[in-house]
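*Asks:* Now for the letters of each chain:
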Amino acid sequence: MLKQIEGSRAVAEAVALSRPEVICAYPISPQTHIVEGLGELVKSGALQPCEFINVESEFAAMSVAIGASAAGARAYTATASQGLLFMAEAVYNASGLGLPIVMTVANRAIGAPINIWNDHSDSMSQRDCGWIQLFAAHNQEALDLHIQAFKLAEELSMPVMVCMDGFILTHAVERVDMPTQAQVDAFLPPYEPRQVLDPAEPVSIGAMVGPEAFMEVRYLAHAKQLMALERIPQIAAEFAERFGRTTGGLVRPYRTEDAETIVVALGSVLGTLKDAVDEMRDTGARIGVLGIHSFRPFPLAAVREALQHAKRIVVLEKSFSVGLGGVVSTDVRLALHRLGQAGYTVVAGLGGRAITKASLTRVLNEAMQDKLEPLTFLDLDWRIVNRQLERERAVRRSGPIAENLLRDLGTVASKVS
Amino acid sequence: MLQIRIHGRGGQGVVTAAEMLSVAAFEQGRHAQAFPSFGSERTGAPVVAFCRISEREIRLREPIVEPDVLIVQDRTLLHQVDVFQGLKPDGWVLINTRRSFDELGLADIGARFRRERMTTVPASEIARKHLGRPLPNAVLLGGFAALAGMVTLDAVVHAIRDTFSGALADQNAAAATEAYDYVQNEIRELAHAQAD
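Chains S and U, in that order, give the protein sequences.
At position 228 of the first sequence the residue is numbered 225 (this note's numbering), and the sequence of numbers has no breaks.
At position 178 of the second sequence the residue is numbered 161 (this note's numbering), and the sequence of numbers has no breaks.
Rather than coming from a laboratory, the hints here were simulated on the basis of the structure.
Bear in mind that the values here come from a model prediction, so they are computed numbers and not experimental data.
Among the hints, erroneous ones may be present.
[As the list claims (entries may be wrong)] Covered stretches of chain S (in silico footprint by chain U; criterion: 3 or more residues with CB under 8 Å from a CB of chain U, positions within the stretch not fixed):
id, segment
1, 168 to 176
2, 269 to 277
3, 343 to 354
[Said to hold, decoys possible] Restraint ranges, calculated between C-beta atoms of paired labels, are given here:
id, chain 1, residue 1, chain 2, residue 2, range
4, S, R404, U, D91, 29 to 37 Å
5, U, E86, S, L377, 38 to 46 Å
6, U, D91, S, S395, 37 to 45 Å
[Stated by the list, open to error] To give an idea of the interface, some chain U residues facing chain S are shown, with a C-beta separation under 7 Å as derived from the structure:
id, residue
7, E2
8, V6
9, A17
10, R44
11, E45
Ideal Cβ placement from N, Cα and C applies to all residues, glycine included.
The task is simple: from the sequences and hints, build the whole structure.
*Replies:* See the structure below:
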């Protein structure tokens, strides 16, 4: 059924259709509307049986999800930014224990300086935690990925993070096709745990493992992610067959057939990027897009196959490894081993900086002429950067950086966008 | 694609207005995308929300910097924010005020753009009359339906009923309808004035 609703509401309804039995909720922007929506659905009786637990922190949210999952319940939570960092220890435990929790990360920057807006720093900080990480390009995909995520998580007994751009998607009201309960029930069978805390058949979960088997337990987590490389496209195909639309999967190419230049990206920026690429194609540019929808496991073979015939690769990412450069770029480069293509990293949209079609077109035109620096920061305001560097050269007590830059900029509250 | 930017102050329902407008467009079978601009959501602070309407799927995710339509929920913003920034040369403007467009001291704006597409409506007063509170957001959408004809009054009323319930829905629908009639009348007069 077509609906015009907020992205958060769409995800809440999709999670409810997946019949979670325990939802752990702790508010943090921009995720809050999702758990609020679920809270309403539990309270109204629309979602039952389900225990909705207001916990006292994100650390508690993941800890309660671990307990619920270990007891055999389908468990869900959502977080963002500092909240994900605060639950980090439990995040590792969930994957280390192999518990199929599904969590939404409404992607948001990490402080300091404190910033509520979107980028991918939060989920990227947990890229090595053992969770599967799926990225949504639009709200329909965010909705669909949650239904696919429960199936994937439970088949493999591994937790899955569904990443969607905070505010840009969570707070955007747009058209989505909401499946029926019967459709979701036919796609997603009831949870059958591989391990369960059951008084009738007592086991312990969470043994201490020394050097004799720790590496093997870790390797098995990797082996499961490799299995996910097989299952993610299969589940996406099965989903497409039942629901009539293609979302999820490992990667999805766009106009790459004869492309000399391919731009790799993940998340909602893919939409603006496709619009930019369509316009560039109209002027004869041979350019295409590769959307990465599974970041962990990272689909090395699929990325290589999609990119191998291009002359140059531009990785556009909302994450930044300070002291190195791109985060996604590093992985993409690994996939392109020995292909000898020109590679560019464009870091964009940090802390909610708008990524405009005009700026993308400009930077991609530079890339196509091979005039781009290997590492570029889209629309970086060099004026205030250089002013601060100059200030630090001139005086020892140059003061706090964030405050200095804001003072240099003057008031921003009256800006239109 | 039609791009609409709504300016107002925190507490005036700017974000809700953009959302209702997207629902109205959806009701008419269009694709629509409504989204807020964040950062200054304190009560009384300048707030901006956006709505795109298109016959095709909307993929673009950038803020609207070159709007086709401006809806200004609070006249006092004219002195604080450059609301006309980026407005397309043939764009539409609807401002919530009891004064006429020419009384606002915007003669240069009227000259730069198509004057017949710019008008005002006393949305806060109409809202106070119907709702007992000066909440102009839904009212202005009724005015917008009359101004540009891109969404029908029926679709706006449907969106209002989708957002509010009970008496509040009825009152907002009645207020939007009054604003629709008011703006329709204004446009008729503008057309006559231009014909003279």
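*Asks:* Hints first: check each against the structure and report whether it holds.
*Replies:* Going down the list of hints, with the structure as the test:
{"no.": "1", "hint": "168 to 176", "result": "holds (count 5)"}
{"no.": "2", "hint": "269 to 277", "result": "holds (count 3)"}
{"no.": "3", "hint": "343 to 354", "result": "holds (count 5)"}
{"no.": "4", "hint": "S:R404 with U:D91: 29 to 37 Å", "result": "holds, 33 Å"}
{"no.": "5", "hint": "U:E86 with S:L377: 38 to 46 Å", "result": "holds, 44 Å"}
{"no.": "6", "hint": "U:D91 with S:S395: 37 to 45 Å", "result": "holds, 43 Å"}
{"no.": "7", "hint": "E2", "result": "holds, 5 Å"}
{"no.": "8", "hint": "V6", "result": "holds, 5 Å"}
{"no.": "9", "hint": "A17", "result": "holds, 4 Å"}
{"no.": "10", "hint": "R44", "result": "holds, 5 Å"}
{"no.": "11", "hint": "E45", "result": "holds, 4 Å"}
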